[in-house]
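Visitor: Got chain A sorted already, so can you dock chains B and C onto it with the hints?
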Amino acid sequence: MDWTWFHRFGSPPHLYRLAGTLVPWFAWPAAILIAAGLYGGLVLAPPDYQQGDGFRIIYVHAPSAWLSLMAYTMMAVTAAIGLIWRMKAAHAVAASCAPVGAWFTVAALGTGMLWGKPMWGTYWAWDPRLTAELVLLFLYLGYIGLRSAIEDPQRADRASAVLAIVGVINVPIVRYSVEWWNSIHQAPSVMKFGKPSISWPMLTPLLIMFVGFTLLFAALVLVRVRAEILRRERQARWVTEMVTQ
Amino acid sequence: MLRGLSFAVDGGEYLEVTGPNGAGKTSLLRTLIGLVHAESGRITWNGRPILEDARAYHSQLAWLGHESPLKADLTAAENLAFGIGIRRRIDAVAVATALDEVGAQGFSDRPVRTLSAGQRRRVALAGVLLAGVPLWVLDEPATHLDADGQALVGRLVERQIVAGGIVVAAVHAPLPVVEAGTRRLGLSSK
Amino acid sequence: MSGAWQAARLVIERDLRLAFRNRAQLLHPLLFFAIVTTLFPLALSPEPSRLRDVAPGVLWVAALLASLLAIEFLFRDDAQDGTLEQYALSGQSLTWLLFAKTLSHWLLTGLPLALMSPVAAYGLGVAVEAVPGIIASITLGTIALSLLGAVTAGLTLGIRRGGAMLSLLTLPLAVPLLIFGAQATARAIAGEPVAGPMYLLAAFVVLGLTLAPLAAAAAVRISLE
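Chains as they are written, first to last, in my numbering: chain A, 1 to 245; chain B, 1 to 190; chain C, 1 to 225.
If we strip away everything but chain A, and leave its shape as in the complex, we get (with noise of 0.2 Å):
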């Protein structure tokens, strides 16, 4: 098998040009499928039966509560091709991950919080998902603090990545461990939503948001990885011929 585009890939500089080159063509597809989404959500789509205009915030809240998860998976899935393959600009994207990732977290958390007020009458009721989100919050802080708690760039990439992987073989035993937890402690006045209500004018935005979010994640990954890259290499040859010229 060739293994030649996959050390290429690796390279820093070729990952830096092919992030630059790759970001507008993320970003302006999410930036329009953000704005139709939004519009779709907030204007179109007709007030929920149950929770009146109180439910658009789902708009923002699941794709930011997906978009939490997605990045921790890819955090770990690149930090373990770059234990494995000791291939540096893989541990380049999943340092970009974490601060992204841990972002979309607090989003999820936030937007997530102000839909509790008017369902529970408080921010904060130990809802499991929101409970469950909170705990992958401080994994991500746990991450972003042993990263820069370690001094030498590639025992912190390489040390980080063991704590990813490990990270992300917990976060589905939280989730369940806290929905377990939840079934137990159960409140009767918690709502449920019914599933059957959710019509495709609701539908629509929704996916849409879900699509527009995941570009926004990548194009947001890419910016950092470039930053990334150049932070790490900046006494490289290249970095200061791009510079010079």
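Treat the hints loosely; a few may be bogus.
[Stated by the list, open to error] Sample of chain A residues facing chain C (criterion: CB under 8 Å; computed from the structure):
id : residue
1  : Pro24
2  : Leu44
3  : Leu139
4  : Ala149
5  : Pro153
6  : Arg155
7  : Arg158
8  : Ile169
9  : Asn170
10 : Val174
11 : Val178
12 : Leu215
For the record, the hints were derived by calculation from the structure and aren't laboratory data. Every residue gets a Cβ at the ideal spot worked out from N, C-alpha and C, and that includes glycine.
Guide: Okay, now just chains B and C, sitting in the frame of chain A:
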């Protein structure tokens, strides 16, 4: 950090690595034993890359780092029995003999915390002897040792290479080893 | 392979012997556990019915924090004096040696905690019938914590003021453990069947036994680079 290095060491040879502080002597040794991964290039043992079967390679080498790997609350003899015992089966007689050879027979039953830095170094050297392996990699083996101790290190190295083994050591001052079989590798910080 | 068993036995024997020459250190986590469980009645109320309600949570949070305190010392001395290097270069499997080390760590810290937990539980107004359930759940929980701690302790080796970082890494990963364990204890105290949460706890331990030593060895190797 280290660039443009290429060398081979044969059985019966002693490679003495010298250079100013920060030239990368310790890094070189730690790369040789496979603790640190070389970014490029290859390191082979008996013609095979060392990381291909790292455990087999490690069972052929003894490493003595800057610190003497001893537990302060154990006696010298206990330290060796536990430390070397995980590598191979040894008995109390072998431990006592090795401690004799490094001139540590007088304090083999004292807790290591009561020993001086030089005495600890002797105990650690006894561990290298006890490992009974062909390759010794030593970082500053004679550190903390008096003139008598340095002569001892020289004798131990000689004995190892005469027996067909290999010694690689990073040193500040050359060890008193008879020239035959000695090669020098000078690292510079530039 | 007898060499591997011999090596594991020596690693455990050495840690036990060191611990018994330094007995005071063994008492620290136990003392911490005792003090924390004393603080709760003082902070809440001495009323037995209220204490019984919070007992599972108190026992588990105290056990978690006490174990965390001990985890900080799991590899620290061995890293400082070069013993970990010697383990990595011994020709034995580092995963296996660290597994042995984790086991001795549990024998010295987790097991005493599990054995002491009924005393603390009694102080919190728990009936004697709950003792087997409490010991079993804390035993499984501390095994899992020692395994998890071996990974995070390996990752924080060589970090200045690694203690805070160790908590930040370990506690979120231990959330499922706390949930399953506290639930098992709660059911034991209420006199209900404990099998459900106990199985979940045991599953977590099995997962830890298979993966944690590998991850710990990877972490330790990285710290030695």
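Visitor: So, for every hint listed, does it hold in this structure?
Guide: Evaluation of the provided hints:
| no. | hint | result |
| --- | --- | --- |
| 1 | Pro24 | violated, 37 Å |
| 2 | Leu44 | violated, 40 Å |
| 3 | Leu139 | holds, 5 Å |
| 4 | Ala149 | holds, 5 Å |
| 5 | Pro153 | violated, 12 Å |
| 6 | Arg155 | holds, 6 Å |
| 7 | Arg158 | holds, 5 Å |
| 8 | Ile169 | holds, 7 Å |
| 9 | Asn170 | holds, 5 Å |
| 10 | Val174 | holds, 5 Å |
| 11 | Val178 | holds, 7 Å |
| 12 | Leu215 | violated, 29 Å |
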